[in-house]
Amino acid sequence: MKIAIVAFHFKPEEAIGAVRPENWAAWLSDAHDVVVITRDFPGADDHSETRYRIVRARSLAIRVIDWLNRHRKRLRVRRAQNDRAQHPAGTETSREDRAAVPSGAFVYRMPCLHDLWFAAAVRALRSEDPDLVIATHSPYVCLLAASTHKKRNPRCRLWLDFRDLWTEGHLTRGLPLVRRFERLLERRALRRADIVSSVSRVYVASFHDLVPDKRRALIHNAPTESALGGARNGEPGPPLKICYTGSIYKGFRDPTPLFELCSRLGEEGRLDPANLRLVFASRMPGDLPSLVSRTRATEFVDFLGAVPRSESLKLQQDADVLLLLESGRTEANGTMTAKIFEYLATDKPILLLGPGPDSELYRLIDGHDRLISLERLRDVLLGNGRIEAQTPVNYASIAREQLFEAIGRLSQS
Numbered sequence: 001m002k003i004a005i006v007a008f009h010f011k012p013e014e015a016i017g018a019v020r021p022e023n024w025a026a027w028l029s030d031a032h033d034v035v036v037i038t039r040d041f042p043g044a045d046d047h048s049e050t051r052y053r054i055v056r057a058r059s060l061a062i063r064v065i066d067w068l069n070r071h072r073k074r075l076r077v078r079r080a081q082n083d084r085a086q087h088p089a090g091t092e093t094s095r096e097d098r099a100a101v102p103s104g105a106f107v108y109r110m111p112c113l114h115d116l117w118f119a120a121a122v123r124a125l126r127s128e129d130p131d132l133v134i135a136t137h138s139p140y141v142c143l144l145a146a147s148t149h150k151k152r153n154p155r156c157r158l159w160l161d162f163r164d165l166w167t168e169g170h171l172t173r174g175l176p177l178v179r180r181f182e183r184l185l186e187r188r189a190l191r192r193a194d195i196v197s198s199v200s201r202v203y204v205a206s207f208h209d210l211v212p213d214k215r216r217a218l219i220h221n222a223p224t225e226s227a228l229g230g231a232r233n234g235e236p237g238p239p240l241k242i243c244y245t246g247s248i249y250k251g252f253r254d255p256t257p258l259f260e261l262c263s264r265l266g267e268e269g270r271l272d273p274a275n276l277r278l279v280f281a282s283r284m285p286g287d288l289p290s291l292v293s294r295t296r297a298t299e300f301v302d303f304l305g306a307v308p309r310s311e312s313l314k315l316q317q318d319a320d321v322l323l324l325l326e327s328g329r330t331e332a333n334g335t336m337t338a339k340i341f342e343y344l345a346t347d348k349p350i351l352l353l354g355p356g357p358d359s360e361l362y363r364l365i366d367g368h369d370r371l372i373s374l375e376r377l378r379d380v381l382l383g384n385g386r387i388e389a390q391t392p393v394n395y396a397s398i399a400r401e402q403l404f405e406a407i408g409r410l411s412q413s
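Residues 1 to 413 (the numbering used here) make up the sequence shown, in order.
Derived by calculation from the structure, the hints in this document are not laboratory data. Check each hint, because a few of them may be wrong.
[Said to hold, decoys possible] Below, simulated SDA-like cross-link-like pairs (lysine to any residue); rule was C-alpha separation at most 20 Å, straight line: (1) Lys241 with Arg270; (2) Lys241 with Ala389; (3) Lys241 with Asp302; (4) Lys214 with Asp194.
[Stated by the list, open to error] Derived DEER-like restraints, expressed as beta-carbon distance ranges: (5) Asp347 with Leu175: 39 to 47 Å; (6) Pro111 with Glu225: 36 to 44 Å; (7) Glu331 with Pro239: 34 to 42 Å.
Heads up, the beta-carbon is just placed ideally off N, CA and C, and yes, glycines get one too.
Sequences are here, hints too, so could you generate the full structure?
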């Protein structure tokens, strides 16, 4: 069977959203003719792949937008690295302001600048004429391009995959006058789909009104081959290293409890910055500088800015504890970040801030006995116990089996 995977984010891009389609392309190519339809990306010409083909659906508008976006991210990181002087220690910030939900327009929600890739993606699909098209979200332009191809070519099977929810996601609210049209487009695409998959049981269940059980599939995320293995580059501390390699969203991914713990112990003279380092590497630091200043945790925090993916993986391997931040709101209970599967593939305990026992993310980590609480961490910092190596868990084989089970179900329908 010829399979086309429509993925706006794909290697050599280092976005976490590129991991899932990369894995699927590699796994499916063992039994099928696979082509990945993605956008042009700097350095792509230097990349070779023998297991499947990569088609770069080029768009001048998207190339310009990508350049502007990379420039914006560089400025964001530079601003965060130089922002401490503008947020003196103890400066208060409004939690209500930090918890505000953005519209997401132009980036994640309609109207979105990525929509300009729609025509190029549809042309590439028409040229490839696949038997099955798999579209990954986000951005939603992948879903719309694949749905349009299905409408024009009814014999082609349609598979919509959601790493995150589109119109019902907790991180964006959309624009009031456009939201209803977005939902209409999403519902039309879902009704055309032969398979709808997602990363968590909660997300899969959210489609039950429009998609029958037999057409819904749970497929976990998994780390790529390059993210597996590797050893610590040196002996365990001191200092004890807690590492976070991911995005920080203002009001939704909040390291404040950890900062407050470190600051309080430091002010009491019970914790020296030489014995603890909180290492953050991110191209989306959010309000990290103001949080660090407000909680008086400056002496404990090292912000590295944006680092290459290979360095990010090394940071995770060299850490003693891996920090995971996510929203604790009820509407985020189904969130299942790709980052957690990289974390699970290491031998590090995981400090989860935000979600509680009702969260699917919490239950996943706890089910593998990998959680470390703030209370337990406090004991370790005060010399009452130590951090022990954990048992790594590789979800690649699980996700691969789920993927082929869904493919088999599609073939039988």
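Looking back at the numbered hints, which does the structure fail to meet, lowest number first? none
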